[in-house]
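Chain by chain, the residues run as shown.
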Amino acid sequence: MESLHNTHVKLLAFDFLSLTPSSSSSHPNTIYRKHTIISRTETLGIITSCDHKPDRFLRFTVDDGTGCIPCVLWLNQLTSPYFSRRCPPDVRRIATMAREFATRVQIGVCVRVRGKVTVYRGDLQLTVGDVVVERDPNAEILHWLECVRLGIKCYDRLHA
Amino acid sequence: MGYASSSTLLCCHHQRVQLCPNPKSKSKSKSKSKSRATMSAANIPSGSLVILQELNSSSPHFKQGASLRVTGKLQEYDVETAIAVIYDGGATLAVDTQHLRLNLRAGSLYQFIGELYIQPNNEGLLKARVGRNVDGMDLNLYQQSLKLLRQFQSDQISHLVQQQ
Numbered sequence: 001m002e003s004l005h006n007t008h009v010k011l012l013a014f015d016f017l018s019l020t021p022s023s024s025s026s027h028p029n030t031i032y033r034k035h036t037i038i039s040r041t042e043t044l045g046i047i048t049s050c051d052h053k054p055d056r057f058l059r060f061t062v063d064d065g066t067g068c069i070p071c072v073l074w075l076n077q078l079t080s081p082y083f084s085r086r087c088p089p090d091v092r093r094i095a096t097m098a099r100e101f102a103t104r105v106q107i108g109v110c111v112r113v114r115g116k117v118t119v120y121r122g123d124l125q126l127t128v129g130d131v132v133v134e135r136d137p138n139a140e141i142l143h144w145l146e147c148v149r150l151g152i153k154c155y156d157r158l159h160a
Numbered sequence: 001m002g003y004a005s006s007s008t009l010l011c012c013h014h015q016r017v018q019l020c021p022n023p024k025s026k027s028k029s030k031s032k033s034k035s036r037a038t039m040s041a042a043n044i045p046s047g048s049l050v051i052l053q054e055l056n057s058s059s060p061h062f063k064q065g066a067s068l069r070v071t072g073k074l075q076e077y078d079v080e081t082a083i084a085v086i087y088d089g090g091a092t093l094a095v096d097t098q099h100l101r102l103n104l105r106a107g108s109l110y111q112f113i114g115e116l117y118i119q120p121n122n123e124g125l126l127k128a129r130v131g132r133n134v135d136g137m138d139l140n141l142y143q144q145s146l147k148l149l150r151q152f153q154s155d156q157i158s159h160l161v162q163q164q
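Taken in order, these protein sequences are the chains called A and B. For the record, in the first sequence the residue sitting at position 148 is 148 according to my numbering, with numbers rising by one throughout. For the record, in the second sequence the residue sitting at position 5 is 5 according to my numbering, with numbers rising by one throughout.
Hints listed in this document are in silico derivations from the structure and should not be mistaken for laboratory results. Just to be clear, a hint being listed does not mean it is correct.
[Claimed, not checked] Straight-line alpha carbon distances no greater than 20 Å define the calculated DMTMM-like cross-link-like pairs of lysine to aspartate or glutamate that follow:
no.	chain 1	residue 1	chain 2	residue 2
1	B	K63	B	D135
2	B	K73	A	E146
3	B	K127	B	E54
4	B	K147	A	D130
5	A	K153	B	D155
6	A	K116	A	D130
[Unchecked claim] Chain A regions said to be covered by chain B (calculated; three or more residues, Cβ under 8 Å):
no.	segment
7	17 to 23
8	103 to 113
Beta carbons are placed, not taken as given, at the ideal position from N, Cα and C, and that holds for glycine.
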């Protein structure tokens, strides 16, 4: 089976929301698009909601016109045991970047978000790796066309 | 950039929405064209992409409470009622912008996401919850790309249905 593992797969929200988490207990974190394994995606759209818990997380939704993708940006790097074994300067750098990304998340802003596809309480979400504000009003159109082209010419062909 | 002025509101989908101006981003007032708020409800419906010419009484999108994303040039704006009228290709739509804080300029291009309210006279009014200035957007390219997007979405969904 071919894989797009570690590739930021450009997906429209309707496509993202139809991804299938593995039902196998041996591969609990595996996500499939049709029969292709993916782990990371890239989306672009308008932020339509956000819920900020300082020093914990920032939840927001990205609406690309085909659906809303729930995103979570973790902000707990300085307190989470998950990061306790990592080099402190690296953790501080990651925390600083996450805070910088958080300042970009505002309702009405068009953003490009990349991250890992995860499942929270049975629902798919995007665990944010980075956030870029798109100021060009044509960026969303280009993203649609790239998603369509890649979907037809690349992603759909992997399991054909 | 603007944000809604009231502290709490109920949008037409009955979602409790908290509007909390963020002092940090308030200082970045140079980005004037986006509405901003902090919502507690994450379950916000997606605004379906609609071209104004398609939005007539026979359109499947012309339903009470339908969540839509519309794009058009600002024709007029009433400061008292906060109702903006946008137009594109001969069609117009009234947009209620009372929950947004936008610097609206006649002739500029705007995009709004919100819920459609059909008035007793059968005219549509979009109650906007998000708005932004999109001056520079190629509307012809937008409409052509939207056709491709819809075709792709339709093909993908029928493929998924066939698989099930």
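If any of the earlier hints don't hold here, list their numbers in rising order.
Those not satisfied are hints 1, 2, 4 and 7.
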